[in-house]
Amino acid sequence: MSGRAAARAGSGFPRLLLLPFLDIVFSTIGIIVVFIAVHITRSERPFYPPDTDHIAVCVEPSSIDLYVSRQTDPVAISVDQITEVIETVAAEATGVTNMVFAFNESCFGLRRALHASYRNAIRLQEDVEAADAQTAMPVFRLRDWPLESDTAAADRLIARWRGETEGGAP
Amino acid sequence: MTARATEAVGRSNDAADGAFLDIATNTLAVLIVVLATRLLSLEAAPTDQSIEPADSPPTLVFPVMTDQLFRPFTNVYLAAEDRIVLLDLGPAVSALQERGLRTGTVPQGDFELKVEPRVIRDINTFHFELTPDADYVRTSGIDVTPDTLPEIVAGLEHDFRERRVAPTFAVRTSGMDAFARLYPAVLERGIPIRWIPFDDNRPIAFSRSHGNLQHPSFYW
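If you read the protein sequences in the order shown, they are chains L and G. Residue numbering for the first sequence follows the working numbering, starting at 20 and increasing by one per position. Residue numbering for the second sequence follows the working numbering, starting at 8 and increasing by one per position.
Chain L on its own, in the form it takes in the complex:
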């Protein structure tokens, strides 16, 4: 009786099979190393705030100068052409398109026309895109930017946008 009990007690501890255990330990370490490596490379990507893609400048009540990109010269747009131009910009927008409308105190009326065209173009865009739910809907945003009344204010803003002044990003 005591012998059996002793035998039971003696061999009651589980025999550790070391080899599979080591196999698991090493593979765990390997996977953790892989994860940490991917974590480090992915978290190094910096996040910058959104950029301005187009700028429309208005300094007198009859026309707007549209800068489509930093390198191009401005295109003069009259009041009648606003709707067409905004719809073209909205139609060609892919991803996120940000447009700044910079104006001074003489363009309040023109601003209303521009924003009305913008709201209309956005609504048309929504109607079109609602039909095709597979593609991601492009985002076209318009923001106002105030300009001082002196004639060089618009040039200063454009120079800053083009990176020609020192101390570029705010």
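One thing to keep in mind: the hints can contain errors.
Stated by the list, open to error - DEER-style ranges, computed between Cβ atoms:
1. 38(G) - 92(L): 50 to 60 Å
2. 93(G) - 100(L): 51 to 61 Å
3. 220(G) - 102(L): 24 to 34 Å
4. 39(G) - 37(L): 53 to 63 Å
5. 127(G) - 103(L): 29 to 39 Å
Because the hints were derived from the structure by calculation, they are not lab data. We put the beta carbon where it would ideally sit given N, CA and C, even for glycine.
Given chain L, work out where chain G should sit, using these hints.
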């Protein structure tokens, strides 16, 4: 008896080893799943889907609020007569409540409240207009000069950081210059700001209608 006992113990040893292996593999599996989930949710992207980060630091940051989860409260300021003044609607609201009038005059100017006569929707539709008094703006407002600019911006920043109150500016043509000096400085501090130009012959209007909820057009 002893042989059977040893056999039984041996079987339970193998069972114990097998169980131990099972525990280890299951722990590993849990670890893998947890780490994978963590990796997938790693993007430090803002919550708004319409924010696509630029590839390099932008020269002109597009003025949009990236944290859209909790929109800020708002203080309304008026930019007119080359001054900036906080538009305090308290006196007008008190006058409306106490005297039950729809129009009146307070130090800030003349006000009028139009209420939708027929209740069509479950929203209290109203239109409140304030014609600001030019003398009030001139006496109570601050001019935006290089001396006063840091103080104004610091005040706005304090309001936003401490109480999450962001400014909304009603800008008239006479206040456009002053506001144009203030706007880039406010954006630089990361304070969300929105502004509406008002013609000089129109009152400053506050309104609520069901259109606000169906077609939101004025984002931060």
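Requested in this report: Kindly indicate which numbered hints from before are broken by the structure, ordering the numbers from low to high.
Outcome: Structure breaks hints 2 and 4.
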